[in-house]
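The task is simple: from the sequences and hints, build the whole structure.
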Amino acid sequence: MSEYLKLLRALYGDRRGVTALEYALIAGVLATVLVTAFTALGTSLSTALSTLASHIPGA
824 MSEYLKLLRA
834 LYGDRRGVTA
844 LEYALIAGVL
854 ATVLVTAFTA
864 LGTSLSTALS
874 TLASHIPGA
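Residue numbers (this note's numbering): 824 to 882.
Since the hints were derived computationally from the structure, they do not count as laboratory data.
Hints are not guaranteed to be accurate.
Said to hold, decoys possible - Derived Cβ-Cβ restraints for the label pairs, each shown as a range:
no., residue 1, residue 2, range
1, 869, 848, 48 to 56 Å
2, 869, 842, 34 to 42 Å
3, 857, 836, 31 to 39 Å
4, 858, 880, 32 to 40 Å
5, 859, 839, 28 to 36 Å
6, 857, 877, 27 to 35 Å
7, 825, 861, 53 to 61 Å
8, 845, 879, 48 to 56 Å
9, 873, 838, 51 to 59 Å
10, 881, 844, 55 to 63 Å
11, 834, 866, 41 to 49 Å
12, 851, 826, 34 to 42 Å
13, 875, 837, 56 to 64 Å
Even glycine gets a Cβ: it sits at the ideal position worked out from N, Cα and C.
Here you go:
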């Protein structure tokens, strides 16, 4: 049991992976925001181009 507690204390004090985890979370949030923004932009751009094409004769 004592070895288990020593291991737990050592792991609790180890902060080496915290920065990598923070960067991974930031990258995930950024990717979600970009996908959402580009999806909305793509939809509105498609609508605008369709409207423009319908106003051009012979298109």
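Evaluation of the provided hints:
A hinted range of 48 to 56 Å for the beta carbons of residue 869 and residue 848 is inconsistent with their spacing of about 32 Å. With their beta carbons about 40 Å apart, residue 869 and residue 842 fall inside the hinted range of 34 to 42 Å. Taken as a hint, the range 31 to 39 Å holds for the pair residue 857 and residue 836, whose Cβ atoms sit roughly 36 Å apart. Range check, residue 858 to residue 880: Cβ separation about 37 Å, and the 32 to 40 Å hint holds.
As the Cβ distance of residue 859 to residue 839 is approximately 32 Å, the hint placing it in 28 to 36 Å holds. Between residue 857 and residue 877 the beta carbons are some 30 Å apart, a value that agrees with the proposed interval 27 to 35 Å. At about 55 Å, the beta-carbon gap between residue 825 and residue 861 stays in the expected band of 53 to 61 Å. Hint check: residue 845 to residue 879, Cβ distance near 50 Å, so the stated range 48 to 56 Å holds.
For the pair residue 873 and residue 838, the beta carbons lie near 53 Å from each other, so the given range of 51 to 59 Å is met. The supplied range of 55 to 63 Å is met by residue 881 and residue 844, whose beta-carbon atoms lie about 57 Å from each other. The given range of 41 to 49 Å is respected by residue 834 and residue 866, whose C-beta atoms sit roughly 47 Å from each other. The hint said 34 to 42 Å for the Cβ distance between residue 851 and residue 826, and at roughly 36 Å that hint holds.
Evaluation of the 56 to 64 Å hint for residue 875 and residue 837 yields a pass: the beta carbon distance comes to about 58 Å.
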